[in-house]
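Peer 1: Here is what each chain is made of, one letter per residue.
Protein chains: 2
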Amino acid sequence: MYLFYAIDIPENIAVGQSFVLDEEESAHAVRVLRYTAGKTIHIADGRGTIYEACITNPHPKHCEVEILGMEPQAKHHPGNVHIAVAPTKNIERMEWLAEKCTEIGVDTLTPLLCHYSERKVIRTDRLQKIVLSAAKQSLSAYLPRLNELTAVKDCILGSDEQRRYIAHSSPWTNKRDLRDELRSAPAGIPTIVLIGPEGGFSDDEVRLAMEHGFIPVSLGEARLRTETAAIVACTMINVLTDCSSN
Amino acid sequence: MYLFYAIDIPENIAVGQSFVLDEEESAHAVRVLRYTAGKTIHIADGRGTIYEACITNPHPKHCEVEILGMEPQAKHHPGNVHIAVAPTKNIERMEWLAEKCTEIGVDTLTPLLCHYSERKVIRTDRLQKIVLSAAKQSLSAYLPRLNELTAVKDCILGSDEQRRYIAHSSPWTNKRDLRDELRSAPAGIPTIVLIGPEGGFSDDEVRLAMEHGFIPVSLGEARLRTETAAIVACTMINVLTDCSSN
Chain C
890 MYLFYAIDIP
900 ENIAVGQSFV
910 LDEEESAHAV
920 RVLRYTAGKT
930 IHIADGRGTI
940 YEACITNPHP
950 KHCEVEILGM
960 EPQAKHHPGN
970 VHIAVAPTKN
980 IERMEWLAEK
990 CTEIGVDTLT
1000 PLLCHYSERK
1010 VIRTDRLQKI
1020 VLSAAKQSLS
1030 AYLPRLNELT
1040 AVKDCILGSD
1050 EQRRYIAHSS
1060 PWTNKRDLRD
1070 ELRSAPAGIP
1080 TIVLIGPEGG
1090 FSDDEVRLAM
1100 EHGFIPVSLG
1110 EARLRTETAA
1120 IVACTMINVL
1130 TDCSSN
Chain V
890 MYLFYAIDIP
900 ENIAVGQSFV
910 LDEEESAHAV
920 RVLRYTAGKT
930 IHIADGRGTI
940 YEACITNPHP
950 KHCEVEILGM
960 EPQAKHHPGN
970 VHIAVAPTKN
980 IERMEWLAEK
990 CTEIGVDTLT
1000 PLLCHYSERK
1010 VIRTDRLQKI
1020 VLSAAKQSLS
1030 AYLPRLNELT
1040 AVKDCILGSD
1050 EQRRYIAHSS
1060 PWTNKRDLRD
1070 ELRSAPAGIP
1080 TIVLIGPEGG
1090 FSDDEVRLAM
1100 EHGFIPVSLG
1110 EARLRTETAA
1120 IVACTMINVL
1130 TDCSSN
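As you go down the protein sequences, you meet chains C and V in turn.
For the first sequence, my numbering gives the first residue as 890, with consecutive numbering after it.
For the second sequence, my numbering gives the first residue as 890, with consecutive numbering after it.
Every clue listed holds true.
You can't tell identical chains apart in this list, so a pair holds if it fits in one copy or across any two.
25 Å max Cα-Cα, derived DSS-like pairs, lysine-lysine:
| hint | residue 1 | residue 2 |
| --- | --- | --- |
| 1 | K1009 | K1042 |
| 2 | K928 | K950 |
| 3 | K978 | K1018 |
| 4 | K1025 | K964 |
| 5 | K950 | K1018 |
| 6 | K964 | K1064 |
| 7 | K1025 | K978 |
| 8 | K928 | K1025 |
Derived by calculation from the structure, the hints in this document are not laboratory data.
The shape of chain C in the complex, shown without the other chains:
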């Protein structure tokens, strides 16, 4: 099965109405998959609905479809996960992280700009393509929200998640084990984890986070790279918040 994506599909589109796929999806349907008129395809809107649609005009750039039906899709992952992470110096590792978190289950990804960030610019459009492609590969109708590069201060002040954590390795503050924290959390509670750059968060950043309700946590005994920490935190929230509810 191939899942098409159309994040600009109108929310109030009705059965029998028509819609035109964007150039990329049109090319995929008509040029790559060689679909012709009458073929039924599935289109996700990125907000949790999958549309069944029939190709009416197999134009290679503006493929027109008619909506046959729509169905909400249950989220594949139990967590309600916001990973805010400083992009790695090596951008490939950040791209891997975005792909893997999308597959495993993340709701929001925020690239963070920190005091010790070695990477201070990021091409969000490129990252957005990777996230979209991973969501399609996972057959998920939910497209994670990818924010622009955000100063860590703004992320801290703007966070409205009920459970807020900052993963860091500075020795000056007591850290709880994120696993223990999550085991007592019912599934689905909005949770944010901040992950610092290779050089770690500055003391000021940790302090500011703590002043705003972020709990300092460790992700276990092993020393993890930035991108591994993000993937492990994402997996833990999905696996463990589910744990206590059983």
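Knowing the structure of chain C, use the given hints to seat chain V on it.
Peer 2: Relative to chain C, chain V alone:
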């Protein structure tokens, strides 16, 4: 801190005895880090011991050290994890998997040769270097065992792990959720998970595994790529087997 590795260090080496680092580690100590005689370094044997040693002859190819002391290191991860996984067609994804599983915590990695494998050869020496480098980066004295490419049949017949799982997506057999399985498992029980290639395991492979005590499992609702499945299974074992013991 930089952790040197010497997997050929004799198990019975005593304080006061000398040892020569291999060429790569010698070059790193003397050429890259510019260490001189008298510098104290830490050397892991890959079997759980960290040696404190003093450089006596800073030769750039055969750096000699004298053992000052030794200390066992607790394992960073609670699980006893064997991931047997068919190498991905794109070898970078397999290399990334090996790096991440080593960081997160794996005891044995076995590349599997399956009926639907698209990749039928693999350079284990290259993979070994990646595993070693990830163990060093994690400051772990335990080097995961990396097996040669193994036919899935031989892996199934040779498995002596107490808990055996095969993750697959064929619809013809009932699958348990690996998360539920692990929640009832005390930490540290030897556990193996088989992960198939992009094309999945063949029905014969699943049947053979089931005949030999492997329980068919799913890793959740999301469709995961081979390398993501391996990382998620590895994280689940380390995070969840720990769960029930609390």
